[in-house]
Structures are given as structure tokens and as C-alpha cells.
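**Student:** Chain A is fixed; fit chain B onto it per the hints.
Chains as they are written, first to last, in full-length UniProt numbering: chain A, 1 to 339; chain B, 1 to 584.
Just so you know, these hints were derived from the structure itself, not from any lab. Idealized CB from N, CA, C, for every residue including glycine. Possibly wrong hints are sitting among the right ones.
[Said to hold, decoys possible] Cross-link-like lysine-lysine pairs, in silico, BS3-like; alpha carbons within 25 Å at most: (1) B:Lys176 with B:Lys223; (2) B:Lys403 with B:Lys123; (3) B:Lys338 with B:Lys403; (4) A:Lys193 with B:Lys223; (5) A:Lys193 with B:Lys338; (6) B:Lys441 with A:Lys69; (7) A:Lys193 with B:Lys441; (8) A:Lys193 with B:Lys471; (9) B:Lys340 with B:Lys131.
[Stated by the list, open to error] Looking from chain A toward chain B, a few residues come up when the C-beta cut is under 10 Å (computed): (10) Glu77; (11) Val86; (12) Ser88; (13) Arg89; (14) Gly92; (15) Gly110; (16) Tyr302; (17) Ile304.
[As the list claims (entries may be wrong)] A few chain B residues that don't get close to chain A, going by computed Cβ distances all over 12 Å: (18) Ser41; (19) Gly177; (20) Pro222; (21) Ala363; (22) Lys517.
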Amino acid sequence: MTAPIEVSGSEVEAQPDAVLAGVDRKAIQGRSLGQIAWLRLKRDKVALGGGVVVLLLILAAVFAPVLVKLLGYPPDEFHRELIDPVFSRPTGAYGGIGWDHLFGVEPINGRDLFSRILYGARISLLVAFLATLLSVSIGVVLGMAAGYFGGWVDTVIARAMDVFLAFPLLLFAIALVGAIPSQASIFGLFELKDNSLRIALLIFIIGFFNWPYIGRIIRGQTLSLREREFVDAARSMGARSPHILFKELLPNLIGPILVYSTLLIPTNILFEAALSFLGVGVAPPTPSWGGMLSDAVTKQLYPIAPHFMIVPGLAIFITVMAFNLLGDGLRDALDPRAR
Amino acid sequence: MKRTKTTVGVALSAVLALGLAACGGGSDDNGGGGDGGGGGSAFDAAVSKVVNPSTKTGGTLKYVITDAPDSMDPGNTYYAYNWDFTRYFARALLTFDPKPGEAGLKVVPDLAEGLGQPSDGGKTWTYKIRKGVKYEDGTEVKAEDIKYAVARSNYTDELQGGPHYFTQYLAAGDYKGPYKDKNLDDFKGIETPDDHTLVFKLNQPFYEFDYLLTNPQTSPVPKAKDTGLKYQEHPVSTGPYMFENHSIGKSFALVKNPNWSAATDPLRKQLVDRVELTMKVTGADIDNRLLAGTEHLMLAGTGAEAAARAKILSSDSLKKNADNPLTGFLRYAMLSTKVKPFDNIECRKAVQYALDRTATQGAYGGPVAGDIATTALPPTETGYTKYDLYATPGNKGDVNKAKTALQACGQPNGFETNIAVRGDRDKEVAAGEAMQQSLAKVGIKAQIKKYPSGDYSSQYAGKPAFVHKEKLGIIIAGWGSDWPTGFGFLSQIAHSKAIKDSSNYNEMELEDPAIDKLLDDGAKTEDIAQREQMWSQVDKKIMESAALVPFIYEKTLLYRPPNLTNVYFHLAYKMYDYPSIGLQ
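Extracted from the complex, chain A is given alone in its bound form (with noise of 0.2 Å):
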């Protein structure tokens, strides 16, 4: 599903000459990593424009009751009279597309098409963020462990990362959701039902099965970082080995952590959004972008409503593509010898 992503070089250092032009000599002093990749990113318009459409479908996700309420209609609400019933497909031209209904309405029942792609949204991005959150955390704890502390411990981390990887994740994905109970409770804690129960197993399946990827490539910087001289010094000054894995290693990863996650948000929007398609998604009518393509598809309603398969797919391209162009560009911006 996800290929490795190629993130060399670590250690994040400034690069005078390609950041002093036109900048004066007082303006460089103090400026951080941060600071600098900041800059080189700012000059790459691509990157800036992917991040300018990310940041504008995070904030139409939270606020879709509220743009919905304004613009659209409720993403669950009947409207039969926009529907041609022989046809089964909205009566309107270009799919019922107009100023009352901004994507058109979906064919059969008459949804409003705008407001379940700003729902689908919600679910497709807290999916992708939260499965993402899941594989970076795992996979950078791990990598740093077996980059490390190598020995026994790395070949058991490195066995187990090539276990996930050679797993059959899609089919098992397919079967464990079809399994799932209707509720459950994690680890007693808490009680999860219906919906949010089938999110919940969502994020773990995606996330849980992806940390290898972000393991091995940590695992790799941690390799080299941990033979450098300043660890070397901190060791030789009595640092142990927490101090030197968050202290010392930690930030220096920063940068391909921050890349990598850029990279694997967009990857798994694609996974949530396949596994909505084969049925093991959220349960209907809860929309998302998945769902709806599949809905096009298997209802075989793209011929005569060709809208209802253009509109989610143009928003599923969208947004991976908005977040692939930002990945890259941060990967330039904090390791330019990338380019």
C-alpha cells in the first residue's frame, strides 16, 4: 500500500549561501531550523499553494454544520422532487448542479451532494489524521529503540516490521470489519457503539499496520545519528539513554518525522477511502468520500449521473493532492540536498 518514502539526511543544518541572498547580515543571527526551513518554504508557491488547500478543508471539515446550515441542506435530507423517478437520476441539468445545491444532489434519494462532501471530509480527514498519528507514533518509538540499542532488541523490532509489512492488510481489514460487533469497550474504559466504534477500528487498522514504513526509515536515521560526536559527548558527560534518545536523537528526527506524516495523511485518506468503497467503511447514511464513489459505481449510476462519481472523486484527488505537494515542498525546505 504505502511505499517507503525516501527521506535522507537528518541532521537539518543551515545552508548560508542558498538563504543569504538578499537578506541582510543582522537578520541572520538567532534564526533557528525552524526559521530557516520556514523561508526556503515560503518561496516554493506549489507547496504553498497544497498548504493553503489543506488548511482550507481542515477548517471546512470543523466547520461544515455550520457552512452547511448557511449553503446546503442537511447532508441526510430527502429531496424526491429534484429526482426523475423513472430515471432514478436528478432532474435538474449537470446533476441538479445550481446556486440551491452547489455539487448537485445525489441521484435515487435527492441528497444534497455539498454537504455530504463537507461530512465525508470530517470523516476521511479525522481517519487519516488520527490512523497517521497512530503509525508515526509507533513506528518513531520503535525505530529509535532498534536504531539505538541494535543487539537483540533491533532484530526483533526489524523481524516484526517485516512481518506487518508482508501482512495481507486490506483482506484482513475487510474481514475484521465485517466481524466487528456492534459495540465494544476499550480496555473497559470507555464504551464505543455503531459509528463510532466502526471509526475507532477504522484508525487502528490503517494505523496500526502502516508503523513499519516510518519505523524502518527511523530506525535508519537513529543508525547513523547515534555514532555522531555530539552523542558521543553527551554519553561522555554521563547522559543516559533517555536523555540522549529525546534529548539528542529526538529533535534531530524532527524533520523526516514531520515530512513523512505529511506524506502518509494523503495515503491513507486513499486507504479509509477504499475501504469505504469495498462496504467496510462507515455505516450508511453517514457519508464519506469512499462510500459515495462506491455508491456510483456499484449502483452503476455514473452513466446517467456522471456528478455523483465526478464529485467525490475530484475531492479525493484534491485533497492527496494538496497534501502531497506540501509533503514534498517540506521535504525540500528542510533538507534541500534532497532536490
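**Tutor:** Just chain B, lined up with the frame of chain A:
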């Protein structure tokens, strides 16, 4: 009976029914009369008359199918299309009259000389078979071959594909079937006093036994040629066509049978030279081929898909070559009377009143896909009468009546429940969403639960223990009968004895002694009119219980290429009468 691979048909329990030559209620929308008068092409024309009547011979008639038939062995198939198609090469003892309209529901003799002669109060049935009927190799058909065919298709572990009504009705003791017990005389359910007489011995009076014999299981199989499951490669023909080649799962071709004679077979013709079937073609591709005229018929008879449907309906020249008949299927939701709060009839009534039936109709594809249903029996079955116990304005639901019912149920603010659907049936999911939306208006919060269709009745919705545990108050499903009668349709979904621990189709778990008694007594009633009357009463009692929420009487859109001759929709098989079709 099955229409598609995933539709589970009636299992081997009690069904049957018979009766009736004339369909009770009449299918208003499907024209009725059907006197066989021919005519030109028009939309829905083939539903009530023969389109393009002709005696022209020659040509190759080409069938296509999306998957593959379960088996071409007449004794091992449970698909309606195969009960129709196998008549090309397999002559059963009795069959349905090959005529359009309600005349097609009449049982007529095929291999037999006449209908059954009952004696011993309906427990013994005697049939004489025609003399001079030959197999494709020229040997004569004997009564014992029919006895053997029934034995192999109903009493062996190998052939499990078809229904097992004979096992249920014949007095055969614990006969082990002809593969384990080589002596056919041990099969006491059927006696053959001579080569042209068959005597069926029943374990209970059953006046409507004739319907059982229309199944291709009663077409003769010579014991020497029986190869068990492999017999489907080349079933020995008694009809006008025989297998030329058969590549299982891919294709086969039928050619004229030189030993068939119109003198012993008044029902069939030998118009085309060849009949071919190509398997495993996608649905959209089939529609395109039919519209282009390169192939002629879709064997499964399930109709055009959405894209082709839109194309056909929006073009007058295509539309006049299409039919929109009822399929005999009822699509519905059952309310589980054992799941709270649906144990209270008022809560069930609230659902009946709240439901916008135009929305569920839309979910299945609108008026072309089915008429709004208000009864338990579809108009294709005997005993159907038109009425509507839970009428709402424009069929759109009545919030006030629903709220009144909720009040009476003691749940004035509504309640929470679950809707079970087959997750891979997008129309059922859409129907679930439509129901959810209607119910939300009166405060009933329903959560949709998707289950795989393969195990839907064995593991999920058809397993009462699971239904109770998961609180599946509403179960969406559909039903079609093996025989077009009220008893055949209702006994499996409404009789308390039909409730099973698994593969249960009485998903509402309705246990009404009055319904049970009407069904039991009806099967033993000789008078046809009286029997139909009883089926109507069962229908009304089911609707009074409010546990069955009918959505639509399913319809399909069939396309018949204009070069086909003698095409008409056969009401008993619910698709075109295949063996009658010729080419221009």
C-alpha cells in the same frame, strides 16, 4: 425459486400448492387475457400476447449469462430460468401451458397423456405416459426412467441442487437413493406396474400434486446413462434439441434432435437450427450485445441494468421492443415480533404509517423496478386481492397516524432500533436508508447493519438467536415462490413451523394459530375457489399483524431484439418462454 445466484429459494420444507388454473387476483398491470393472439411490437406487448408470431425456421439463437447456470442437469437445478430453458431437451411429466397471460399458469400434460388421477382420498396419483416417445439415441422412454429420475434428484447426497419436494411428500420410508441402493424396487414411493404407467404413493392427502410434476426433475433419465454430477455435461434429450457440445462454465450448443417427433409433443416446435449459450459475460456487456443484436437473450432473465435501462426508456424505437413485467418477487421489511419494542403491535403499526413507500420504491429503481406494494401476496400469485390496510396520502407516510400509534405503544418519543440489510445489495442498503429517513421523522432512530448476502439467512437475519442478540428489529429481504400460488408463497414466510434456528425466512417470527390453520387446511381443500379464498385470508391476517412491511411488487425491464419471433412473457416462469422463440 431463484432468480439470481444469491437469492435463496425455498428449502425443502413444506411448500407447494397448487391449484388453480386461473390466477385469482389478476395482474392489473400486466394485462391478462392472453389468448395467444399475436401482434406487432410495442412496449409491454409480450406480457399479454405473442410478439411476431411466425413459423419461419432456421438460424442460431444465442443466449448469454453473467455467471454460469448451477447445473444443466434437469434434476439438479433450482433456477427458474433453467426450469424454463431445460424444456428444450427435457420433457417433464407435466408442464405449464406455453401461452401468454394467465393461461400460462395452467398445468398441462407433457410426457403424460393427462393430468393425475387421484384415488385413496388424494394419497395415490396415477399417470399414463405417451407411447412412442424416444430419447435422442432412438430408444423408447419407459415409466421406470421417470421413477429413476425422481429417485436420483430427491434421494441422493450428490444431487442437492434442486428442491426436494418429493422427499417430503412421497411415502418412501428411509429409501437411500439409487446410488447407494442399486435396487430401484426398494423405492416404494413410485410404482411402475407397466412401462407406461406411474403410480405415486403419498404420505398425506395432497390434492394438488400435479404442480410438483412440472419440475424438470420428472423428466426421464436412463439409468445406464446417469453419471451423477457429471450428467449435466450431456443430459439425454427427450425434447426437440440435444447437446452438441458442452464446456462446463464456458459455453454449450444445442442442435436438433433427429429422434424428436412433433406427433408425440404437441407443445413444442423445432424452429431454429441451433441454440447456443455463452457464459460469464458482464451485465453491461450483455445489455450492449442485446441492443446491438449480436446476441438474442439473457438467459437469467433478470433484465437490463441501470445504464441500458435509461437508454431503452429514453428511446421510443428501443422501448417498443421492451417489456416491463412483474417478476413475482415481493421486496419487503419484516419487523421482528420477538425484538422489543416490535413485540407490541402498535409499534409495528407506527412503522407501517411512518414509511414513505415512494422513497423505498425509488431505492429499488422507481416505478420501472416495481409497483408500490400493500399486501403480502404479489399480484402474480393466486389469492391476491388488492387492499391497503395502512393507506397514507400519496403513499408518502402519515406522521400523525404514526405518532398516534407510538403513543398507543407507550413510546411517544420514538425508540431506537436496527435495520438489517445485505451489505452487497446496494438497493437494499438504499431501501434501508429510505426507511431510516422516514422513521426519523417520527422519532424512531434506526441504525443500518450490513451483513454479507451469502450468509444472510444462515448466520445473520435468518438466525433468530442472532436477531435477538443484535436487536435487529427490522430485516430487509425479498421472497419469490416456487409455484405461483398463495400457499407456495406464504407458507414459507408466515407459517410458525417455518421458523427455524437457521435459514429462517419467517424473519418476523410470526406465530399465529389462525394463519397456521388456514394454510394447513387450505392445502387439503379440493375446491379451487375456496382455497384461493383461504390464501386471501392468510394475506389479510399477515397484514393485520403489521409485522410485514411490503415495499414493492418487483418488476423488471426485459429487452427482446426485434428479429425474435414468437416471443411472449410466460407467467409461470416469469421470463420469456424460451423454447417457443424463433428467428426472422
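**Student:** With reference to the structure, classify each hint as holding or not holding.
**Tutor:** Status of the hints after comparison with the structure:
Annotation: proposed proximity of Lys176 of chain B to Lys223 of chain B holds, straight-line Cα distance about 16 Å (limit 25 Å). Taken as a hint, the Lys403 of chain B and Lys123 of chain B pair is broken in the structure, with Cα atoms around 53 Å apart against an allowance of 25 Å. Between Lys338 of chain B and Lys403 of chain B the CA atoms are separated by roughly 22 Å; this keeps the pair inside 25 Å, and the hint holds. Between Lys193 of chain A and Lys223 of chain B the CA atoms are separated by roughly 59 Å; this puts the pair beyond 25 Å, and the hint is violated.
Only pairs whose Cα atoms come within 25 Å are accepted, and Lys193 of chain A paired with Lys338 of chain B is accepted, the gap being roughly 23 Å. For the proposed pair Lys441 of chain B and Lys69 of chain A, the alpha carbon gap of about 19 Å is at most 25 Å, so the pair holds. Only pairs whose Cα atoms come within 25 Å are accepted, and Lys193 of chain A paired with Lys441 of chain B is accepted, the gap being roughly 23 Å. Between Lys193 of chain A and Lys471 of chain B the alpha-carbon distance is near 14 Å, which keeps this suggested pair within the 25 Å criterion.
At roughly 62 Å between alpha-carbon atoms, Lys340 of chain B and Lys131 of chain B are farther apart than 25 Å, so this suggested pair is violated. Satisfaction of the interface hint for Glu77 of chain A is found here, the shortest Cβ-Cβ separation to chain B being roughly 8 Å, below the 10 Å cut-off. A hinted interface residue such as Val86 of chain A counts as satisfied when its beta carbon comes closer than 10 Å to some beta carbon of chain B; here the least separation is about 6 Å, so the hint holds. A least Cβ separation of about 6 Å between Ser88 of chain A and chain B falls short of the 10 Å threshold, and the interface hint therefore holds.
At its closest, the beta carbon of Arg89 of chain A sits 8 Å from a beta carbon of chain B; the interface hint therefore holds under the 10 Å criterion. Violation of the interface hint for Gly92 of chain A is found here, the shortest Cβ-Cβ separation to chain B being roughly 16 Å, above the 10 Å cut-off. Against a cut-off of 10 Å between C-beta atoms, the interface hint on Gly110 of chain A holds, since the closest Cβ of chain B lies about 9 Å away. A cut of 10 Å between beta carbons decides the hint on Tyr302 of chain A: the least distance to chain B is about 8 Å, and the hint holds.
This hint holds: Ile304 of chain A has a C-beta 5 Å from the nearest C-beta of chain B, less than the 10 Å allowed. Listed as outside the interface, Ser41 of chain B is consistent with that label: its C-beta sits roughly 21 Å from the nearest C-beta of chain A, beyond the 12 Å cut-off. Gly177 of chain B, annotated as away from the interface, keeps every beta carbon of chain A farther than 12 Å; the closest lies near 38 Å. Interface exclusion of Pro222 of chain B from chain A stands, the closest Cβ pair being 46 Å apart, more than 12 Å.
A beta-carbon of chain A comes within 12 Å of the beta-carbon of Ala363 of chain B; the shortest separation is about 6 Å. The claim that Lys517 of chain B lies off the interface holds: its Cβ sits roughly 38 Å from the closest Cβ of chain A, which is beyond the 12 Å cut-off.
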